[in-house]
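Novice: Each chain, letter by letter, is given below.
Protein chains: 2
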Amino acid sequence: MTGTLYGLGIGPGDPDLITLKALKLLQAAPVLAYPALEDGDSLARAIIAPHLDAPKTEIAIRIPMTVERAPAQAVYDTAAAEIGTHLKAGQDVVVLCEGDPFFYGSFMYLFGRIAEDYPVEVVPGVSSLTACATALQSPLSARNDILTVLPAPLPSDVLAARLQETDSAAIMKVGRHFARVRKVISDLGLMDKARYIERATMEAEKILPLDEVPEDAAPYFSMILIHKRGQAWK
Amino acid sequence: MTGTLYGLGIGPGDPDLITLKALKLLQAAPVLAYPALEDGDSLARAIIAPHLDAPKTEIAIRIPMTVERAPAQAVYDTAAAEIGTHLKAGQDVVVLCEGDPFFYGSFMYLFGRIAEDYPVEVVPGVSSLTACATALQSPLSARNDILTVLPAPLPSDVLAARLQETDSAAIMKVGRHFARVRKVISDLGLMDKARYIERATMEAEKILPLDEVPEDAAPYFSMILIHKRGQAWK
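Sequence order for the protein chains is A and B.
Quick note on our numbering: the first sequence kicks off at 30 and runs consecutively.
Quick note on our numbering: the second sequence kicks off at 30 and runs consecutively.
Derived from the structure by calculation, the hints contain no laboratory data.
Since the model is a prediction, treat every value here as computed from it, not as a measurement.
Please note that the accuracy of each hint is not assured.
Copies of the same chain look alike in the list, so a pair counts if it fits in one copy or across any two.
Derived lysine-lysine pairs resembling DSS-like cross-links, with alpha carbons at most 30 Å apart [what the hints assert, rightly or not]:
#1 Lys212 - Lys235
#2 Lys117 - Lys263
#3 Lys117 - Lys257
#4 Lys85 - Lys235
#5 Lys235 - Lys222
#6 Lys53 - Lys222
#7 Lys257 - Lys53
#8 Lys53 - Lys85
#9 Lys222 - Lys85
#10 Lys212 - Lys53
#11 Lys85 - Lys212
#12 Lys263 - Lys85
#13 Lys212 - Lys117
#14 Lys85 - Lys257
#15 Lys85 - Lys117
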């Protein structure tokens, strides 16, 4: 009997935004894996820390923040092998995933390495997309709205073209691209339809008008939501 | 002291995909409101039924399924007034929302009617978007992918244009539009990149290859996911 790998969506940051299903699997599994910074800090582990009720074997997957992909690929290879050892021995392994595992999540790199050899179950979670809309008290989309999710690192002309052809948009991973993205939004005349938020549902959550965000201060976990009608329900 | 209106995302269908936060608010509130069909059946109430541990005052919001918007508007006006009576009397009211309240949800119509007069808190939930991806074992999007959410009732030329300009797409509310949408996908040569699912995470969940779905059998709660790389992580 091999173990099962569970990819658990743990939600956007508030520990109470985990689902009952993820909580039960988390508490039952003997082995816990999670992404971590190279110095060891793990946001994912911090989110679920209040729910840990017994010691587990822990695997910190320390992802190097390099532009090249090869170093991260090597880390995923090593982590998949280590996780595979536990699965082969019949132990279930849960992998923590901030937000939802399959919505711009790094879990898919483990999934791609393990799903052919072992049973994998993925538990969806509350994504940053809807958590940000909630925190901004601003519905994402209604009726027949087109909603477009755009990663901020995309070139400005691509962002501008896609923003012109949608009703609603979420620009993710704003971070160091903030000033450039704001200019795209301003050039399109959409400043008064856009809202900025960072670290939604966490204690450090911050909401600011777009023109009051300092140029170099947006963290990676920041998002801009735009709805062309201003309010989706109108 | 007035009461607070809570818009609770209760997730896509599996009762265990409710969040701890929504569960606590649900069990604490004296008044429970939810959308229902005109004959009284309520999918939202059925989803949370296993979690109800005490009787509450219940308000079924019976939404008429008409093409014209006026009859539904009148129902929301009446429901907002009834909810307002409880809030004014100091009672908290929870409104159940399938999936996430602000992701194509009808909660925004109550929100628009009540938020100016009473405190409203929205609790995000697991949306059908990520629940479908999970059930299909198919990541939605990765890295700098553009993800476009398209309601199936949109005209075919709009669907085709938007599908051409995205990496990943979710076509929602497929229902009676299935045959037309499948033709759009086929004409774009994307049949082998598309996956069909209905009633994700519910007991009646069904996954079929696109060419095996009967023309007139897709329910309203059905979705097609497309990723142009086939697998997001590649």
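Novice: Between the shortest in-copy and the shortest cross-copy C-alpha distance, which are at most 30 Å for lysine 235 and lysine 222: within, between, both, or neither?
Specialist: within (18 Å within a copy, 39 Å between copies)
Novice: 30 Å Cα cut-off: does lysine 85 pair with lysine 235 within a copy, between copies, both or neither?
Specialist: neither (34 Å within a copy, 36 Å between copies)
Novice: Since the copies are identical, ignore which copy is meant and state whether lysine 212 and lysine 53 lie within 30 Å (CA to CA) inside a copy, between copies, both or neither.
Specialist: neither (45 Å within a copy, 42 Å between copies)
Novice: Indicate which option fits the pair lysine 263, lysine 85 if close means a Cα-Cα distance not exceeding 30 Å: within, between, both or neither.
Specialist: Neither, since 50 Å and 32 Å both go past 30 Å.
Novice: 30 Å Cα cut-off: does lysine 212 pair with lysine 117 within a copy, between copies, both or neither?
Specialist: Intra 52 Å, inter 44 Å, cutoff 30 Å: neither.
Novice: Cα distance capped at 30 Å. Does lysine 117 pair with lysine 257 within a copy, between copies, both, or neither?
Specialist: neither (52 Å within a copy, 33 Å between copies)
Novice: Can you tell me if lysine 85 and lysine 117 fall within 30 Å by alpha carbon in one copy, between copies, both or neither?
Specialist: within (17 Å within a copy, 49 Å between copies)
Novice: Within a copy, between copies, both or neither: which one fits lysine 53 and lysine 222 at a CA-CA cutoff of 30 Å?
Specialist: neither (40 Å within a copy, 34 Å between copies)
Novice: Could you figure out if lysine 222 and lysine 85 sit no more than 30 Å apart (CA to CA) within one copy, between two copies, both or neither?
Specialist: Classified as neither; 47 Å inside a copy, 39 Å across copies.
Novice: Between the shortest in-copy and the shortest cross-copy C-alpha distance, which are at most 30 Å for lysine 257 and lysine 53: within, between, both, or neither?
Specialist: Neither, since 40 Å and 35 Å both go past 30 Å.
Novice: At most 30 Å between alpha carbons: which applies to lysine 85 and lysine 257, within, between, both or neither?
Specialist: Neither, since 48 Å and 39 Å both go past 30 Å.
Novice: Could you place lysine 117 and lysine 263 in one of the four classes (within, between, both, neither) given a Cα distance threshold of 30 Å?
Specialist: between (55 Å within a copy, 26 Å between copies)
When each numbered hint is compared with the structure, violations occur for hints 3, 4, 6, 7, 9, 10, 11, 12, 13 and 14.
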